[in-house]
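Model the placement of chain B on the given structure of chain A, informed by the hints.
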Amino acid sequence: MKKIERMTKDVICATDISKKFKNRTVLKNCSLNLSKGEALLLLGENGSGKSTLLRILTGLLKPGRGVVTRTASSIGYCGHVSMLYEHLTVLENIKLFCALSGRANVDEEQARDALNSWDILEAAGRYPTEISQGQKARVSLCRAFLTTPDLLLLDEPDASLDACGTETLLYSIQQALGRQAAVVIASHRGDLYRSFVKDTYKLSGGELTT
Amino acid sequence: MSGAFTALLRKDFLYELRTGQTVVVALSFALLLGTLTAFGIQNAFLEPVVRERLMAPLCWVLFLVTASIVFGRAFHFERASGAIEGVVVSGASLVTFFLSKCVVFYLISILLHTSLVLVLSFLSQSEALFSSEFVLLSAMVLFAYVPLVVLLLALSFTSRLGAVLLPLLSLPLLFPLFFAATELTQVLVTEGELNFSSFWFALVLSLDIFYLLCGLALFPPVIRD
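Just so you know, the sequences run in chain order A and B. Under my numbering, think of the first position of the first sequence as 1, with each following residue one higher. Under my numbering, think of the first position of the second sequence as 1, with each following residue one higher.
Isolated chain A (complex conformation):
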């Protein structure tokens, strides 16, 4: 009964997730769940399967075995690639993805404010090919947070950020948690997030341990 009650509260629940790429097992029976307003930290070495697990949680990748149940109505995802259209300017990309996320009410001023909060307003009129890797990461994060999703999946969000960007990231995560969003963060820098995460998981040899 308690399990059912727990599951109804969960924004995301992954049970016994396994994934193989050819003969290489990347994930073995991984299970996790997360409720509204909670953050979960995923640690692990390079190639341990963090990104694969996050892509499975977003629905971009199908698990070989296991079930992912999402009750979140909207997802914000920030991965290793920018996921931006290269022929659209930064501002046009932000507006496009807001419209696609059902947030067509985000007007140009709000989009500019959001870019300003990530300190990339000066790049608003430039194309993604004309900005640096760090700026692309900021644009991706800005887009993920601006759509105010119920579930945020952040794959090494701090990887390309400087100290100022990292500060904005931490502030934005706390804001998201404050409006009851669930947040999953995959990172090598556990120390950054430990103050507000509910659980810390470690991925090693394809297995998820607390």
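Hints listed in this document are in silico derivations from the structure and should not be mistaken for laboratory results. Backbone N, C-alpha and C define an ideal beta-carbon position, used for all residues, glycine too. Hints are not guaranteed to be accurate.
[As the list claims (entries may be wrong)] Calculated from the model, a selection of chain B residues having no Cβ within reach of chain A, i.e. all distances over 12 Å:
#1 36
#2 52
#3 118
[Claimed, not checked] Rough simulated footprint, nothing fancy, chain B against chain A, three-plus residues with beta-carbon under 8 Å:
#4 55-69
#5 91-100
What follows is chain B alone, placed relative to chain A:
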């Protein structure tokens, strides 16, 4: 849905406006192939009746060849930097995405087909294809062709065997459509009117509905997988 649909259409039109990749390639190939074919016909010293009859298969074969080249890379910008993954994660309806692609491809197909017919007819000094019934037939054939080609392109870019898969899948699926189009055009050229009660007309009409339904049903799972 309308907000997302408009945003997706705008994205595709801006791509064309800024890169001109599809439209410029379409017009260039229409001009090149249309001119070469027309000069080939001129040099063969064919009887005017034979020349008129040749217009039917030529206009459709040339369209098929040119469209394969034009649309072959039309989806690549969606995959660059993982943009299409952004669309999937955003929660936008993939049916909306499919329909927006169909609208853009339909407009490009009309432009390509019109240019081919005009170049071919003008240089071959033929008026066989200048009729409102041919416009109707062309609109119907392109209406069936576009959803199928959008679906096949999605299939080919999500598969590692994409380059091989596209011609292998498209040949048997497009053959009945273009065969029917050629038959109907032939009748239109020789008899001066379209036979609305013929089997070929019914086939084109059925394929209009069938390929659209196939696209609507299969495009979302193909993109997600």
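Status of the hints after comparison with the structure:
1. In this structure residue 36(B) is separated from chain A by more than 12 Å, as the shortest Cβ-Cβ distance comes to about 32 Å.
2. Residue placement check: residue 52(B) keeps its beta carbon more than 12 Å from all beta carbons of chain A (closest about 43 Å).
3. Here residue 118(B) stays apart from chain A, with its beta-carbon at least about 29 Å from theirs, past the 12 Å limit.
4. Using a Cβ-Cβ cut-off of 8 Å, 4 residues of the region 55-69 of chain A lie near chain B, which meets the minimum of three, so the contact claim holds.
5. Remark: the region 91-100 of chain A is confirmed as covered by chain B, as 6 of its residues place a Cβ nearer than 8 Å to a Cβ of that chain, reaching the required three.
In the structure shown, no violation is registered for any of the earlier numbered hints.
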